[in-house]
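Visitor: For the record, the sequence lines run as chains S and B.
Numbers given in our numbering equal positions in the first sequence, counted from 1, plus 2.
Numbers given in our numbering equal positions in the second sequence, counted from 1, plus 1342.
Keep in mind the hints are simulated off the structure, nothing from the lab.
Some hints here could point you the wrong way.
30 Å max Cα-Cα, derived DSS-like pairs, lysine-lysine [what the hints assert, rightly or not]:
1. B:K1524 x S:K121
2. B:K1372 x B:K1388
3. S:K121 x B:K1531
4. S:K150 x S:K281
5. S:K301 x S:K147
6. S:K121 x B:K1372
7. S:K215 x S:K123
8. S:K123 x S:K5
9. S:K123 x B:K1388
10. B:K1546 x S:K121
11. B:K1534 x S:K221
12. B:K1524 x S:K215
13. B:K1471 x B:K1372
14. B:K1524 x S:K123
15. S:K180 x S:K123
16. B:K1459 x S:K123
17. S:K215 x B:K1531
For clarity, every value in this text was computed on a predicted model and none was experimentally measured.
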Amino acid sequence: MAKRQYSFYPGCSSQKGASSSNYLISVQTMCEELDIQLNEIPDWNCCSASIGYAGGGELPRLTLSARNIALSEQHNPGQDIVATCAACWLSTREAQERLHEDQSLLAEANSALAEAGLKLKGDTPIKHMAEVLIEDIGYEAIGAKVKKPLEGIKIAGYVGCQTNRPFGISGESFENPKYLDKLVETLGGDSIPGYEKKVQCCGGALAFSEPEKSQEMVKGIIEAAYDHGADMIVTPCPVCQMNVEVYQDQINATYGTKFKMPVVYYSTLMAVAYGRSAKDAALNAQIIPAKQLEALAAK
Amino acid sequence: MSTNQAMVEKYRNNFLKEVEANVEEGEWVKMCMQCGVCSGSCPLGKFWDHPPQEIFMMIRAGKRDEVLTSSSMWMCTSCYNCIVRCPRELPITHIMHGLAHYAKRLGLVPQNQPTAKFAQLFWDNLMKKGRVNELKLGMALYFMNGFGEGVKVAMKNQKLGMNMMKTGRMNPMEILGGHAVKDLGGFHKVMKKAQELEDARIAKHGA
Ligand code: SF4
Ligand code: SF4
Ligand code: SF4
Ligand code: SF4
């Protein structure tokens, strides 16, 4: 089968040596297996996520994303843009829609871009990797590649906010999206359809600025997963992954809990289920090791 | 005269008009029918002095100072719960961001509002190199409340830092340079122009 090609926007947190560099490794492995080719947008810049608003006004913020889309149109013409970070996806897609609706803003963004010889048409579909998997590839093709089913592993699907709202994955509801559960089942694992915290916000960027308040919410997310007997949590977003995994020590210290819940990406699960090594799944980057996945990868 | 005073003069008794003209997506505020669904949706709701519905009511009631000096909109986590639930389809998230930005432009943000500081650091960090340098951002964050406080916060996060480093998810070499866009000159020119156009737009509405 011919390779599917996408114009790839990795985002800052996926850069080498950054907090979700591990996500990128497992995504690459997953894409190899599914015959997806990711063509990185050359010289992309940061999108300012959902937290750029203090320093950046409307036009400067929109221009950041406009530059990325324009570079994609120029270097990867005809390819849909795909992002792996929910915040990147959201701000890029939101910027394109806003510029589409407001022609005078679009004209201004273009006159800024002209300073670097760039121009935005703004008609490229902008997708999250989860959309590519579910809408473009489909569960059946995803399941066909499974070599080592995730048998007996109970996994809570934590969708979070921004992969889910305001755009979401086609055919899914905002209040109870089921695609992560379906994906877990497709890979041979046990999903937890009744996991009530699946769309609870983790605090997002406020994890940095309001750590106590955010950690209280993260505590609820992990606690509910334990209540359902989960072995691990899976997420589609690097900010969710980071927020739910890395503060567990601090939460334990504050609340006297004994959390030690691994938090992995869908791509981690897929890399292991597809029979790839622990290294290709980036299991070594888990701060809380996912022992069952390590064992399965070593088999 | 400060920008804030100029705006007070210009819009005198009509804060709603001021918001409509100056706040991103502010023209939507009048569409709110006060159903309260948004207020029940904020994950950090219990920490908001005035939840979104109340903010919209206060804007119409002309409570300018109370709104603009509030820390409420800085509690928005951008979770988009409200947007997908609002029966009138107000872009509530963006109005909250817009109000926060406008308050910042007028110098009305409460002192030491942590998210305001963090968000500004984030933006400054990004404007320098076109990409966010997490380590520098982290360091700036530890020290944003002064040196003594910074050391305390850093100590608390030391184990976390070590964990990130061991797993290759934080690279100490980044402090020496780190990630950047290659066409930095072009990037800066584009952003400078965008800022000029933004300023011109504001000047049209301003005093
Ligand atoms: S969402 Fe975050 S990580 Fe992604 S590009 Fe934007 S700022 Fe960088
Ligand atoms: S759950 Fe947290 S990190 Fe994930 S999208 Fe929501 S706010 Fe962002
Ligand atoms: S949900 Fe919409 S209509 Fe209801 S109070 Fe909030 S903004 Fe107003
Ligand atoms: S996006 Fe902001 S305003 Fe809306 S529900 Fe979430 S926290 Fe509240």
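Visitor: When the hints from earlier in the document are held up against this structure, which numbers fail?
Guide: Hints 6, 7, 9, 11, 12, 13, 15, 16 and 17 contradicted; others consistent.
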